[in-house]
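Sequence positions in the first sequence follow the working numbering and run 1 to 423.
Errors might be hidden in some of the hints.
Unchecked claim - Cross-link-like lysine-lysine pairs, in silico, PhoX-like; alpha carbons within 20 Å at most:
1. Lys-379 to Lys-326
2. Lys-214 to Lys-183
3. Lys-183 to Lys-240
4. Lys-230 to Lys-240
5. Lys-181 to Lys-220
6. Lys-367 to Lys-377
7. Lys-196 to Lys-181
8. Lys-379 to Lys-344
9. Lys-379 to Lys-367
10. Lys-117 to Lys-9
11. Lys-373 to Lys-326
12. Lys-93 to Lys-196
13. Lys-231 to Lys-220
I should point out that these hints are in silico values taken from the structure, not numbers from a laboratory.
The structure displayed is predicted, hence computed values, not measured ones.
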Amino acid sequence: MASKIQSVKGTREFYPEEMFLRNFIYERVRAASQSFGFQEYDGPFIETIDLYAAKSGEELVKKQSFTFQDRGGDFVTLRPELTPSLARMVAAKQGSLTFPVRWWSFGPFWRYEQPQKGRSREFFQWNIDILGVDSPEADAELIAVAAAFLRSVGLDPARAAIFVNNRRLMEAEFDALGISKEKRVEVSNLVDRRTKMKPEVWDAYALEIGLDQKQLDGLKTILADFDLWKKSEELVRLFKALDALGVKEYVKFDPNIMRGLLYYTSTVFEAFELSGSLKRAILGGGRYDNLLADVGGDPLPATGFAMGDVVIGIILQENGLIPEFKPSPASVLVTVFNESLFPKSFAIAAELRRVGINTMTYPEPAKLPRQFKFADKMKMKVAVTIGPDEAEKGQVAVKSLVNGEQVVIPENEAVDVIRKMLG
RNA sequence: GAGCCUGUAGCUCAAUGGCAGAGCGCCACACUGUGGAUGUGGAUGUUGUGGGUUCGAAACCCAUCAGGCUCCCCA
1 MASKIQSVKG TREFYPEEMF LRNFIYERVR AASQSFGFQE YDGPFIETID
51 LYAAKSGEEL VKKQSFTFQD RGGDFVTLRP ELTPSLARMV AAKQGSLTFP
101 VRWWSFGPFW RYEQPQKGRS REFFQWNIDI LGVDSPEADA ELIAVAAAFL
151 RSVGLDPARA AIFVNNRRLM EAEFDALGIS KEKRVEVSNL VDRRTKMKPE
201 VWDAYALEIG LDQKQLDGLK TILADFDLWK KSEELVRLFK ALDALGVKEY
251 VKFDPNIMRG LLYYTSTVFE AFELSGSLKR AILGGGRYDN LLADVGGDPL
301 PATGFAMGDV VIGIILQENG LIPEFKPSPA SVLVTVFNES LFPKSFAIAA
351 ELRRVGINTM TYPEPAKLPR QFKFADKMKM KVAVTIGPDE AEKGQVAVKS
401 LVNGEQVVIP ENEAVDVIRK MLG
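Can you make the complete structure from the sequences, with help from the hints?
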């Protein structure tokens, strides 16, 4: 045995069962996206670090990116997010694309972080965006896509919710409190951390970053005001649209939702599972109207969100929402009685495949108990056996592994009988 | 990048300085042309890796790797 070489820290190995989960998520993501008329696309997996330097935030670029020199000496980065690539792709063809652009994608991303539950260094992410429209109704549609996805995987409003806020609204409130522009980033962080800190520690932290007592009290009043959205015309329109879209029960206004990324300009939202065993957002996004101009395109409003596969995968697992894993894609096993009967078994298997039935032949003439055990483990539904007796009479033995009943029938009836057994 | 916890059979875990074990799974047989259930028997292993302390280490110490919890950040 060769010496063991470990997998790279934080990477994922998708054995068939994990691959099944990943594909399940992908399939539901695709269904939700397409039901709202979004087109699938993708960007490069490798980009220059400069693409992210502009707007992704220092933390992401300096600490969390997989960056290395290629053989030509240039620095390249495994993409940590998709939005900058999307912005560039749209900016490059701004004159020829049909707007509004409605695009979605599901692909791999990398971030150099400490792996924990719900967080790995390699993950798959759903990105979905609308570009070219600045209406709150576009934001509402994206939230509705998110809700449609949650519903499609069995996370009903009792189990998951989407929390919404608006940066512009909060900016106006901060202005009213006389909180200076320079303190905005710190105050955003302060709000983000509120649920994680003890009240008195949080108060002390607020004063430490330079708020006075009056501002702190005002901030607390704002953060406790769940009717604050009525002051925002954008949010009023958003909630009206969400009502019409039939997803209102999933969505709640929450002034505590800020989101770290710098490029959000207006409505922001995050979805959480409500039992709270995992305190990470399932998905998150919002409106980013300045990003296109920032990467060199003409100004173009945009809105979208992203969802990682790791958190949603754990939540589906913990809630028992993953469909039963069926190991073999074939429902029929044709056993091999002995070496001389291999051709018979192969011929039957080929015939079944010809009519569209996924079929496996056992690849060696092992003892029948072993072959049946294999079929059972693989959760196959039908086993076909051609022994010397059947071969002589032109028959096959067809056994249902579901109820154990076996019939011996003429070879030319096999397809019909098996079809019936498979339902 | 920082602090803490964990790492033993394929899996889940016992063994607290003195012979490395159990359950599940696996293999064989009961059943020489048939899976699941039952019974009987069998094999599990460089105790993550490398060093150290000790008559003796899975256990104690150091280093290292991986996973987890928290901070940070975020999907």
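Results for each hint:
no. : hint               : verdict
1   : Lys-379 to Lys-326 : 6 Å, holds
2   : Lys-214 to Lys-183 : 16 Å, holds
3   : Lys-183 to Lys-240 : 33 Å, violated
4   : Lys-230 to Lys-240 : 11 Å, holds
5   : Lys-181 to Lys-220 : 19 Å, holds
6   : Lys-367 to Lys-377 : 16 Å, holds
7   : Lys-196 to Lys-181 : 25 Å, violated
8   : Lys-379 to Lys-344 : 24 Å, violated
9   : Lys-379 to Lys-367 : 19 Å, holds
10  : Lys-117 to Lys-9   : 14 Å, holds
11  : Lys-373 to Lys-326 : 15 Å, holds
12  : Lys-93 to Lys-196  : 43 Å, violated
13  : Lys-231 to Lys-220 : 17 Å, holds
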